[in-house]
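Residue numbers (this note's numbering), protein chains in the order written: chain G, 1 to 114; chain E, 1001 to 1114.
Just so you know, the hints here were simulated from the structure itself, not pulled from any lab data.
Take the hints with a grain of salt, since some may be wrong.
Unchecked claim - Reference excerpt, derived from the structure (chain G facing chain E, CB under 10 Å, subset only):
1. P37
2. W52
3. S55
4. D60
5. P62
6. A101
7. E113
To be verified - Here are the computed distance ranges between Cβ atoms for each label pair:
8. G:T58 - E:K1065: 47 to 57 Å
9. G:A66 - E:N1050: 18 to 28 Å
10. G:R70 - E:S1055: 21 to 31 Å
11. E:V1018 - G:G87: 50 to 60 Å
12. E:S1086 - G:R44: 43 to 53 Å
13. G:T26 - E:V1063: 15 to 25 Å
14. G:E28 - E:A1066: 36 to 46 Å
15. E:E1053 - G:T15: 45 to 55 Å
16. G:A47 - E:P1104: 34 to 44 Å
Unchecked claim - To give a feel for the contact side, a few chain G residues facing chain E, derived at Cβ under 8 Å:
17. E28
18. L31
19. L32
Bear in mind that the values here come from a model prediction, so they are computed numbers and not experimental data.
Glycine is no exception: its CB is placed at the ideal position from the N, C-alpha and C atoms.
Each chain, written out:
There are 2 protein chains.
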Amino acid sequence: MTPTPQRAAGTSHRTAPVHADLDQVTLESALLALADPVRQTLVRELATANDWERSCGTFDVPVTKATLSRHFAILRDAGLLEQRDSGPKRLNRLRRPEFDARFPGLLDLVLAER
Amino acid sequence: MTPTPQRAAGTSHRTAPVHADLDQVTLESALLALADPVRQTLVRELATANDWERSCGTFDVPVTKATLSRHFAILRDAGLLEQRDSGPKRLNRLRRPEFDARFPGLLDLVLAER
């Protein structure tokens, strides 16, 4: 039998988030992660906030909670997002220096648009 | 009734290709166009060729002719590709200066990868 993942006490997330090694992120996954309008909004909002300032519930995007979780997972897999749990909240940081080092100028294009 | 497009004499293409106005190309369509591995190959091969040197049948990609046509159309729509018919051949040019002006550095990322 597959063991049931343990829910950490006091958090609303089942397991701790897993983060990408930037060296393993393909250009394809980076481009696809940034092509989506909702993920562009998330990235732009994170870029104007301090690290760890924004919890997952504070983003103004017209999607369900489940869809938003999926968007966050895609951003994590593309090396764009770091998350950590703090009590009941999941806090977010844009991995800007790491991502810029791997794909120079790409994030800037998204942040400059609109 | 919709008029039937005329096939130009001596060409294998029904209608002349339509090209994108770079000002109208969205970042989303540019990123999606470049995210696909087959289209990355087409763009890289065009970047190493002279303008109008490569006809559509000369690209080494593992797709059907119909799928290849679809990839060319997506590249045209993203402002990356200019095509013109010359007798039975459709010739290709990477719109590098125009695309670079609209999305600085994006094409370079694709050309630098691998």
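A quick look at each hint next to the structure:
Using the Cβ-Cβ criterion of 10 Å, the hint placing P37 (chain G) at the interface with chain E is satisfied: the shortest such distance is roughly 6 Å. Against a cut-off of 10 Å between C-beta atoms, the interface hint on W52 (chain G) is violated, since the closest Cβ of chain E lies about 27 Å away. The interface hint given for S55 (chain G) is broken, as the beta carbon of that residue sits about 27 Å from the closest beta carbon of chain E, more than 10 Å. The interface hint given for D60 (chain G) is violated, since its Cβ lies 19 Å from the closest Cβ of chain E, which is over the 10 Å cut-off.
Against a cut-off of 10 Å between C-beta atoms, the interface hint on P62 (chain G) is violated, since the closest Cβ of chain E lies about 16 Å away. The beta carbon of A101 (chain G) comes no nearer than 13 Å to any beta carbon in chain E, farther than 10 Å, and the hint placing it at the interface is violated. Using the Cβ-Cβ criterion of 10 Å, the hint placing E113 (chain G) at the interface with chain E is satisfied: the shortest such distance is roughly 5 Å. Evaluation of the 47 to 57 Å hint for T58 (chain G) and K1065 (chain E) yields a pass: the beta carbon distance comes to about 49 Å.
Taking 18 to 28 Å as the suggested C-beta distance range, the pair A66 (chain G) and N1050 (chain E) does not conform, at roughly 50 Å. At roughly 42 Å, the beta-carbon separation of R70 (chain G) and S1055 (chain E) lies outside the given 21 to 31 Å, and the hint is violated. As the Cβ distance of V1018 (chain E) to G87 (chain G) is approximately 55 Å, the hint placing it in 50 to 60 Å holds. Distance hint check for S1086 (chain E) and R44 (chain G): the Cβ-Cβ separation is about 44 Å, which falls inside the suggested range of 43 to 53 Å.
The supplied range of 15 to 25 Å is met by T26 (chain G) and V1063 (chain E), whose beta-carbon atoms lie about 20 Å from each other. For the pair E28 (chain G) and A1066 (chain E), the supplied restraint of 36 to 46 Å is violated, since their beta-carbon distance comes to about 23 Å. Between E1053 (chain E) and T15 (chain G) the CB atoms are about 53 Å apart, so this pair conforms to the stated range of 45 to 55 Å. Between A47 (chain G) and P1104 (chain E) the beta carbon distance is about 18 Å. The supplied range of 34 to 44 Å is therefore violated.
At a threshold of 8 Å, the smallest CB-CB gap from E28 (chain G) to chain E is about 5 Å, leaving the interface hint in force. Evaluation of the L31 (chain G) hint against chain E yields a held restraint, the C-beta minimum of about 4 Å falling below 8 Å. At a threshold of 8 Å, the smallest CB-CB gap from L32 (chain G) to chain E is about 5 Å, leaving the interface hint in force.
The structure shown violates the earlier hints numbered 2, 3, 4, 5, 6, 9, 10, 14, 16.
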